[in-house]
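Chains as they are written, first to last, in my numbering: chain A, 1 to 379; chain B, 1 to 328.
Hints should not be assumed to be uniformly reliable.
[To be verified] Think about it this way: if two alpha-carbon atoms lie no more than 20 angstroms apart in a straight line, the pair counts; the simulated DMTMM-like pairs of lysine to aspartate or glutamate are:
| no. | chain 1 | residue 1 | chain 2 | residue 2 |
| --- | --- | --- | --- | --- |
| 1 | A | Lys359 | A | Asp43 |
| 2 | A | Lys359 | B | Asp301 |
| 3 | A | Lys359 | B | Asp219 |
| 4 | A | Lys359 | A | Glu45 |
| 5 | B | Lys20 | B | Glu114 |
| 6 | A | Lys190 | A | Glu276 |
In case anyone wonders, no lab produced these hints; they're calculated from the structure.
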Amino acid sequence: MPVSPEKPSTLSTVEILSQGMVINVGPQHPSTHGVLRLILTLDGEQILQCEPVIGYLHRGLEKMMERRPYRHNIPFTDRLDYLAALSNNLGICQCIERLGGVEVPERAKYIRVLLMELQRIASHLVFLGTFGTDLGATTMFLYAFREREMVLDLLEECTGARLTYNWIRVGGVPDDLPEGFGEKVLAFVKLFRERIEEYDQLLTRNRIFRSRTQGIGVLPKEMALAYGVSGPVLRASGVAYDIRKVDPYEVYDRVEFEVPVFDRGDVWARYLVRMEELRQSLRIIEQVLRDMPDGPVQTKLPKIFKPPAGIAYSRVESPRGELSFMMVSDGSPNPVRVHIRAPSFVNLSVLPRLLEGAKVADLVAILGSIDVVLGEIDR
Amino acid sequence: MIGAVAPFFQQYPLLWTFVKAVVLASFTLVIPLAVIWVERKVAGFIQSRLGPLHVGPQGTLQTVADALKLLLKEDIVPAGADKRFFYIAPYIAFISTVLSFMVLPFAPGWVALEMNVAVLFVIGVSLFNVVSILMAGWSSNNKYSLLGGLRAVAQLLSYEIPMVLSVLAVVFYTGSLSLTGIIEYQVKHGWNIWHPPIMIAALIYFICALAEINRTPFDLPEAESELVSGFNTEYSGMRFAFFFASEFANNFFITAFAAALFFGGWDGPVLPPMVWTFLKVFVMIFVFMWVRWTPPRLRIDQILRFAWQLLVPVSLLNLLFAIALGVK
Chain A
1 MPVSPEKPST
11 LSTVEILSQG
21 MVINVGPQHP
31 STHGVLRLIL
41 TLDGEQILQC
51 EPVIGYLHRG
61 LEKMMERRPY
71 RHNIPFTDRL
81 DYLAALSNNL
91 GICQCIERLG
101 GVEVPERAKY
111 IRVLLMELQR
121 IASHLVFLGT
131 FGTDLGATTM
141 FLYAFREREM
151 VLDLLEECTG
161 ARLTYNWIRV
171 GGVPDDLPEG
181 FGEKVLAFVK
191 LFRERIEEYD
201 QLLTRNRIFR
211 SRTQGIGVLP
221 KEMALAYGVS
231 GPVLRASGVA
241 YDIRKVDPYE
251 VYDRVEFEVP
261 VFDRGDVWAR
271 YLVRMEELRQ
281 SLRIIEQVLR
291 DMPDGPVQTK
301 LPKIFKPPAG
311 IAYSRVESPR
321 GELSFMMVSD
331 GSPNPVRVHI
341 RAPSFVNLSV
351 LPRLLEGAKV
361 ADLVAILGSI
371 DVVLGEIDR
Chain B
1 MIGAVAPFFQ
11 QYPLLWTFVK
21 AVVLASFTLV
31 IPLAVIWVER
41 KVAGFIQSRL
51 GPLHVGPQGT
61 LQTVADALKL
71 LLKEDIVPAG
81 ADKRFFYIAP
91 YIAFISTVLS
101 FMVLPFAPGW
111 VALEMNVAVL
121 FVIGVSLFNV
131 VSILMAGWSS
141 NNKYSLLGGL
151 RAVAQLLSYE
161 IPMVLSVLAV
171 VFYTGSLSLT
181 GIIEYQVKHG
191 WNIWHPPIMI
201 AALIYFICAL
211 AEINRTPFDL
221 PEAESELVSG
231 FNTEYSGMRF
241 AFFFASEFAN
251 NFFITAFAAA
261 LFFGGWDGPV
271 LPPMVWTFLK
281 VFVMIFVFMW
291 VRWTPPRLRI
301 DQILRFAWQL
311 LVPVSLLNLL
321 FAIALGVK
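One chain only, chain A, in its complex shape (with noise of 0.2 angstroms):
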C-alpha cells in the first residue's frame, strides 16, 4: 500500500526490528507525574536508552524572584514543590534570615519542626499512594489519600490552605497553633500508626509487590554520590546523610529519630526508607509537642526588609531530598540572585542510568521511587 507522505506511515516490522522502537511516554502520560516526557528506545519490552526532557514546566521563578522584595518571594516557594509547600517555605525564610541576621523565637522553631514533619507525612503518601497505583495496585492510592485528607485537615486549620500553604514568615511563623491542635494531631498520629500497618500488610508484605521492587533499578552507593543525589534515593544506597541530621537546623539536634538507610538501593529500599520516615516522622513530631514552650512566635521585624550586603545560604531536608537557597544581597529590599537547588532535578539526572536494560514496566516503578515533582525541576 503507498503511503501518501501527509499520512502518518505505519509500523513496520524492519523498523522494530532493526534500530529499536522509540516511544514517547509523556508529557501527557498516566504515570509520569506532572509533565515529564521520557523519550524510550525499546527493544521489545528492554530500554535500551532513555531521555527525559524537561522544562514543561518552566516558569523563571529564580528570576522573578530577582524583582520582588525579601518576603513577597516566599508565595513562589509554595510553587515549587508543590507535595510539600512547608519545606520550601522554610527554605526561603531560613535563607532569609541568615542574609538578615534574624532570629527566631523557640516556639516558632518548635511550630516549623512540627509542620514540616506533618508535610513530610503528607508527602509521602503522596508517593505511597501513587507508587501504588504505578505497580498496579489501585486501593494502596485511595488508602493513602484518605490518610493525606487527614493531613491536609490539620494543615488547612493551621494555615488555612491544603496546598500551598505560604505560612512560614521571615522570622517565624504568622500566627500560633489553633486551639486544640495539639490532641488533633495527636489523635491523628495515634490512628496513622495502626494504618502504616495496614500498608504494610497491602504493599510491604505482598509476593507481587516484592517480586516488581526487589533487584529493581539498583543505583549503588558511589554512581548515587558522584550524581549528587539526595534523600530517600540516597539513603536507599546506603549513605547516611540527612540535613536533619548533619546539618541540623531549626530544632531538630533536640529531638529523637533515626535515619533510616538501606544498602539494596534499589526500588524497594527506596520504597522502605519513606515507609521508615514516615514513623520517625510521628515520633518527631510527638516529642516536640510534648516540648513545645510558650512564647512569642514572630521577630518583628521592618515594613522595609533590607538585609546586609553578602551571601546566605540555607539548606533544608525537604520529603525529596536536600533543598538548597543560595541568595545574594546588595542592601537593597530586593534580592540581586537567588538559586534553588531542586532535590527532584539533581535525582531526576539519575533516571536514564537506572533504565538502562530495565523493562518498560519497570520505568514506572523505578520512577516512581524516585519520587520527582515537576515543579521544583522546572522551576
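Dock chain B against the given chain A, drawing on the hints supplied.
Frame of chain A; chain B shown alone:
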C-alpha cells in the same frame, strides 16, 4: 416458562434459532452492565469509598448511562490505522464471547445449543479473543497499543495451555466433553471440586482465568500506568464499549464455566437451579474482584515464567493424576 414456549417455536427451527440468538446476544450485552455495577460497588467497598450512588437507586443505572454515553460518542479512527482490522476487532471479541455463551447451561434444558463437544468448542472460540486483541493492538498504529497487544498474546497463549490442561483433567475425570454431561455427572457423584485431582485443576483454572480476563495481577495488556490503556488505547465510543462489554461478559462466562466444571453448575438444594448458577457465578466474580483490587501487577517476564515453569508442569502432572484416577 421455557417448557411453555419451546414446543411452539420448535415447529419452526429457523425461528427458534433466531430467537435464541437474539436472547443470547442481548444477554451478553446486559450481563456486563450488571457485572460492571457490581465491580464498581465492590471496588468502592474495598477502597473505603462509596462507588456510584446518584444514577438510579444505589447507582444501579450508572453503567446504563455510561453505555448510552458511549453510544452517542463520535467514532474516531486514528490516522494511519489499518481500517479494516480496526473496525472488526471489537466485534470479533464480542462474537467470540457470545459464541461461548451459546453452549453454557444455566439450568436443566436452559442451553441455547446442546453440544456434545461443548468444552472443546468453548476453548476454540475463546481463542478468537486473542486474535481480536492482537488485531486491535496492531491496527491502531499506536506503539502503546502494539505493546499491549503483544503482551496480551504472549500472556493469553501461555495461560491458555495450563487452563486447557486443567479443563482436560475434568473431562477425563467425568468422561464427558459436554457441559450438561459434566454437570449431570456431578449431580449424581457430588461436585468435582471435592475430588483431589480436580481440586488442583480448579486452582490452576482460577489462576489462568484471572490471566485470561486480564485482571490484576495479570492486567498487563492494558496496564494503565505503563501503556496508557494498552491495546484499546485508540478505541472510543461504541467500539470501546464492545471491548469493554466482551471483557466483562467474559468475566461472567469464565466463572459460569468454572461453576459448570467444578461446582456442579445448577446443582444445589432448595433454591431453583437457575438461582444456583447465578449465585455461584457471582460469588466467584466477587472473589475475582477481591483479587483484582488487592495486589499489584506482575511484570511480563514474571508472568510468563510463572506459567511455563510452574503452571504447565503442575497441570500436566495433575492431568496424569486425573486420568489414572478417573478413567473407568
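Which earlier hints can't be squared with this structure?
none
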